[in-house]
Amino acid sequence: MKLIAVTNDRMSIDELIQTLLAIEPYIDAVILREKSKTDTEILKLIQKLKEVNFNVKKMIVHGKPTIANTEQIDKVQLPGGLPLPDLMRQYPALLFGKSVHSLEEAIVAEADGAESVLYGHLFKTNSKPGLQPRGTDDLRRIVSSLTIPVYAIGGIRPSHIERLREVGIAGVAIMSTIFESEHPKNIAKEYYDAIHT
Numbered sequence: 001m002k003l004i005a006v007t008n009d010r011m012s013i014d015e016l017i018q019t020l021l022a023i024e025p026y027i028d029a030v031i032l033r034e035k036s037k038t039d040t041e042i043l044k045l046i047q048k049l050k051e052v053n054f055n056v057k058k059m060i061v062h063g064k065p066t067i068a069n070t071e072q073i074d075k076v077q078l079p080g081g082l083p084l085p086d087l088m089r090q091y092p093a094l095l096f097g098k099s100v101h102s103l104e105e106a107i108v109a110e111a112d113g114a115e116s117v118l119y120g121h122l123f124k125t126n127s128k129p130g131l132q133p134r135g136t137d138d139l140r141r142i143v144s145s146l147t148i149p150v151y152a153i154g155g156i157r158p159s160h161i162e163r164l165r166e167v168g169i170a171g172v173a174i175m176s177t178i179f180e181s182e183h184p185k186n187i188a189k190e191y192y193d194a195i196h197t
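For the sequence shown, the UniProt record's numbering assigns the number 1 to the initial residue and increments by one for each residue that follows.
Hints were generated in silico from the structure; no laboratory data involved.
Note that beta-carbon positions come from the ideal geometry of N, C-alpha and C, so glycine has one too.
Warning: the hint list may mix true and false statements.
[Stated by the list, open to error] What follows is a list of derived Cβ distance ranges for each label pair:
hint: 1; residue 1: S12; residue 2: T197; range: 30 to 38 Å
hint: 2; residue 1: K2; residue 2: V108; range: 19 to 27 Å
hint: 3; residue 1: E166; residue 2: R10; range: 29 to 37 Å
hint: 4; residue 1: R165; residue 2: S145; range: 15 to 23 Å
hint: 5; residue 1: K124; residue 2: K44; range: 31 to 39 Å
hint: 6; residue 1: K35; residue 2: V108; range: 37 to 45 Å
hint: 7; residue 1: D39; residue 2: R157; range: 14 to 22 Å
hint: 8; residue 1: K44; residue 2: E105; range: 30 to 38 Å
hint: 9; residue 1: P92; residue 2: L43; range: 17 to 25 Å
[Said to hold, decoys possible] Quick list of in silico lysine-lysine cross-link-like pairs, DSSO-like style, CA-CA up to 30 Å:
hint: 10; residue 1: K35; residue 2: K57
hint: 11; residue 1: K48; residue 2: K75
hint: 12; residue 1: K2; residue 2: K44
hint: 13; residue 1: K189; residue 2: K64
hint: 14; residue 1: K64; residue 2: K50
hint: 15; residue 1: K48; residue 2: K58
hint: 16; residue 1: K37; residue 2: K185
hint: 17; residue 1: K2; residue 2: K35
hint: 18; residue 1: K185; residue 2: K2
hint: 19; residue 1: K64; residue 2: K75
hint: 20; residue 1: K37; residue 2: K50
hint: 21; residue 1: K35; residue 2: K50
hint: 22; residue 1: K189; residue 2: K124
hint: 23; residue 1: K48; residue 2: K185
hint: 24; residue 1: K185; residue 2: K35
hint: 25; residue 1: K48; residue 2: K37
hint: 26; residue 1: K44; residue 2: K58
hint: 27; residue 1: K124; residue 2: K35
hint: 28; residue 1: K35; residue 2: K189
hint: 29; residue 1: K64; residue 2: K185
hint: 30; residue 1: K50; residue 2: K185
hint: 31; residue 1: K58; residue 2: K2
hint: 32; residue 1: K48; residue 2: K35
hint: 33; residue 1: K75; residue 2: K35
hint: 34; residue 1: K50; residue 2: K189
hint: 35; residue 1: K37; residue 2: K75
hint: 36; residue 1: K124; residue 2: K44
hint: 37; residue 1: K75; residue 2: K185
hint: 38; residue 1: K48; residue 2: K189
hint: 39; residue 1: K37; residue 2: K57
hint: 40; residue 1: K75; residue 2: K2
Using the sequences and the accompanying hints, generate a full structural model.
Now the structure itself:
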């Protein structure tokens, strides 16, 4: 099972770099989900990460295939709504993960050529206030219906890992718990330890 960090778009570039360097040993990948930053700022972030030897293979660009292509990053995570088949034709060298919120969306994403899907939100989370969590029943159906890797996101705690492992997911994506912590390295290690015990 893999551990993917998802940035929360609340840090400066320098703060984010320091946090990512601290958690890098414990994560398999990071989705750079910095929606409020300009393309120029995201490029600067990626270039600075490369300068400090953050592993490029662990980087996933959120929603911006042009930037991934320019910076020779292999993977893009697409939010719902972006036309996957068109983007695959335009950027044949890239792998695309797709964020989904239902079994139907997951089936379409796989048929369209997604390399993986990210499903959520599973449990109550501060980043989705007032929205009902989806739980694990649909997640279980998605895992059994698809042949591509299925990742889960949303309110996942280290204590959930064993239960989620039984569902058969490829990994978990964590945002708030890591990036809103005063000790992100310790939190990332807690997830790492839960996954690897």
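Structure versus earlier hints - violations, ascending order: Of the numbered hints, 6, 7 and 36 do not hold.
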